[in-house]
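Chains as they are written, first to last, in the numbering used here: chain A, 13 to 302; chain B, 23 to 449.
Hints are not guaranteed to be accurate.
Said to hold, decoys possible - The calculated label-pair distances, taken between Cβ atoms and stated as ranges, are:
1. A:Thr68 with B:Asp123: 16 to 26 Å
2. A:Met126 with B:Asp377: 42 to 52 Å
3. A:Phe60 with B:Asn240: 31 to 41 Å
4. B:Lys203 with A:Arg53: 52 to 62 Å
5. A:Leu143 with B:Arg303: 42 to 52 Å
6. B:Pro251 with A:Tyr141: 38 to 48 Å
7. A:Phe60 with B:Ala130: 26 to 36 Å
8. A:Arg53 with B:Ala130: 36 to 46 Å
9. A:Leu143 with B:Gln265: 44 to 54 Å
10. A:Leu26 with B:Lys282: 27 to 37 Å
To be verified - Not close to chain A: a few residues of chain B, all C-beta gaps over 10 Å, as computed:
11. Ala132
12. Ser179
13. Gln241
14. Asp283
Said to hold, decoys possible - Going by beta-carbon spacing under 8 Å, a handful of chain B positions derived as facing chain A:
15. Gly268
16. Pro271
17. Asp417
No lab work stands behind these hints: they were computed from the structure. Built from N, CA and C at the ideal position, the CB exists for glycine as well.
Each chain is listed here by its residues.
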Amino acid sequence: MRLNFHAQGWLLALPAVVLLATFTHVPAVSTLIDSFYATPRGREVAHFVGLEQYRTMLADPIFWRALQNNFLYALITIPVSIGIALAMALWVNGRIRGRAVLRLAFFTPTILPMVAAANIWLFFYTPDYGLLNQIIRVFGNSSVNWLGSPASALPALMMVTIWKEAGFFMIFFLAALQQVPPDLYEAARMENAGRWQIFYRITWPLVMPTTLFVAINALINAFRVVDQVIAMTGGGPNNATMLLLFYIYQVAFNFWDSGYAAALSTVLLLALAIVALAQFFLVDRKIHYR
Amino acid sequence: MSTITRIVSAALAVLALGTSAASATDVTFYYPIAVGGPITKIVDGYATEFNKSHPDITVKPVYTGSYQDSVVKAMTAAKAGNAPDVAVLLSTDMFTLIDNDLIEPVDAIATSDADKAWIKSFYPAFMENSQSGGHTWGIPFQRSTIVQYWNKEAFKSAGLDPEKAPKTWDEMVAFGTKLTKRDAAGQVTQWGIEIPSSGFPYWLFQAITTQNGAILANQDGTKVAYSDPKVVEAAQFFADLSQKYGVMPKGIIDWGTTPKDFFEGKTAIMWTTTGNLTNVRSNAKFAFGVAAMPSKVRGGSPTGGGNIYIFKNTDKAKQAAALEFARFLTTPEKAADWGIATGYVATRPDAWQTDMMKKYTVEFPPAVVARDQLKDAVAELSTHDNQRVTKALNDALQAVLTGTDKPKPALDRAQAEATRILKSYQH
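Go ahead and model the full structure; you've got the sequences and the hints to work with.
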């Protein structure tokens with residue numbers, strides 16, 4: 013009877029398990045194994061090289077550049093997009109005219125595929141006649157080559173991510189805000205609490221689980237950025253916008269160095285696994301859940 | 023009874039059809055699209071025409087995206103044991119395809135006297151990127167060179183002769199200075215020249231190094247000369263155009279938007295592929311000219327574009343069919359037709375003697391500029407582990423053009439990186 017119960021459970025989970033195993037777990041494990049082999053040339057067989065690929069990685073300045081760029085990307089886009097998302101959510105949660113239109117407007121960037129969004133921004137960033145530069149020139153400043161100079165190229169890509177993610181995260185915050193019991197606000201107002209105090213004492217702690225969920229998602233996304241790099245800069249100028257996932261693509265499908273690409277993928281997988289584990293074991297406990 | 027007979031005879035008929043279809047040779051043909059226009063329609067048309075005249079062969083054209091997408095698709099399909107029989111890929115992919123043991127030397131299949139004459143019928147400049155180690159690995163199909171396009175009206179209003187493009191580096195700077203216009207606030211409203219530097223700056227840079235008398239790689243693709251003083255000097259000139267003379271926008275200039283900048287009057291001169299000829303012809307709303315590259319110690323441009331490759335296959339009938347199709351695509355008539363439809367340089371001298379090409383060049387004289395430049399053209403930079411070796415140069419160039427680094431140290435680093443990568447290929 014008990015065995016039967018377990019068997020039934022496994023049978024129910026079987027379709028999901030098979031799919032996950034075929035498309036996620038098996039490839040992940042074989043990537044790890046591949047990373048210990050040299051890239052075979054022509055029809056020769058790959059031979060075992062141990063940690064050689066990882067040694068190459070440690071000495072590869074482009075890898076370090078990509079890693080650093082990814083961290084910068086996370087460090088800047090996550091707090092900014094969460095801040096904007098929360099501000100927008102608070103705004104459209106209030107009883108204001110044209111609320112539905114405003115919500116839709118904020119959410120629009122999310123509906124667009126990343127490549128379409130990147131193309132819109134490509135037009136914004138175009139030197140001389142791009143939208144941003146036309147605005148700048150009205151004020152008498154000279155045209156900026158946003159994507160063509162190393163200092164501004166990565167921030168320009170971050171802007172696209174923030175623009176796109178803020179609207180998406182707003183939806184989560186909006187849902188969270190509507191879960192906050194209105195009697196708490198009523199009580200606070202009776203105690204003559206200020207708006208900032210209400211936000212700080214009631215809203216912020218109560219949307220914390222959402223903030224964490226959003227932050228983890230944003231962190232994972234920050235390491236999975238690739239579309240706008242392909243569409244907008246190709247990693248240039250001089251690797252200023254090189255990000256890990258794009259570098260993996262380049263090594264695998266431009267350089268055909270599958271062994272090294274496997275090693276890079278393993279590092280990326282590891283980074284993402286650490287993020288996920290952190291979510292499950294560390295932060296979960298410290299969040300206030302009702 | 024009669025029903026059964028009918029069914030049996032129908033089944034037999036199907037079987038017979040099946041076997042007759044199987045006895046015909048199927049050839050899969052991968053091709054990329056890199057320029058504007060109804061390319062798929064043209065290529066499908068060629069395949070249909072070929073299939074009609076060769077009832078025993080069925081060519082299936084497969085559009086595989088950009089050059090980059092196409093080589094990825096061909097390589098991954100080959101690794102899965104399902105390689106195309108024939109494909110158009112970048113001429114610079116040659117060493118990658120050889121190193122992965124994917125392509126057959128054309129001279130190993132094309133052995134008759136007519137075949138041998140066919141291999142010799144193309145412009146020698148295009149064959150430089152098609153031959154290595156005594157073999158011919160690719161057949162020139164959609165090939166190009168870099169040319170300069172200039173806005174005649176902008177030249178006229180700057181007080182220059184609208185019929186004369188810059189012929190030397192000095193003229194480039196002098197003309198550029200006159201053509202660069204500023205508004206009252208000192209902001210540039212029209213640049214003298216744009217040389218694109220995004221994505222694959224090495225290609226346009228190679229025109230400058232060639233003009234300065236440098237050759238970037240050896241024919242075997244095992245050595246590069248990135249730190250040659252002439253190359254350093256060329257890089258300095260490339261950077262000086264924006265940083266010293268102020269005739270070109272600073273930073274990286276996007277390859278894709280350069281033609282638009284030209285149409286919008288944001289730049290008076292642009293360097294781009296001759297493959298853009300038809301695009302410029304239909305979009306420029308002003309009189310424009312097309313000229314060969316300017317010169318320093320010599321004129322010159324690298325060639326570019328795609329070759330036809332025949333993939334390894336144990337089925338010799340398929341290889342023979344693929345060869346037949348390659349020959350069909352490169353007859354003088356087809357080469358002329360393809361050149362007119364796209365702007366690519368028709369790949370063999372006799373294509374320019376066909377009636378349709380003669381008529382076209384009379385109507386539209388700029389079409390011969392790229393062809394006439396072939397006598398000065400050199401092989402496009404191509405080595406073993408090609409994309410990695412070129413990336414080292416691309417990164418160095420972008421560092422120089424954005425002012426992050428000086429030419430000498432940047433190119434020395436690129437040379438060291440390329441030498442390290444190529445070490446395993448030097449026997």
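Query raised in the report: What hint numbers does the structure not satisfy?
Result: Numbers 5, 8, 9, 10, 14 and 15 - these are the hints that the structure violates, sorted from lowest upward.
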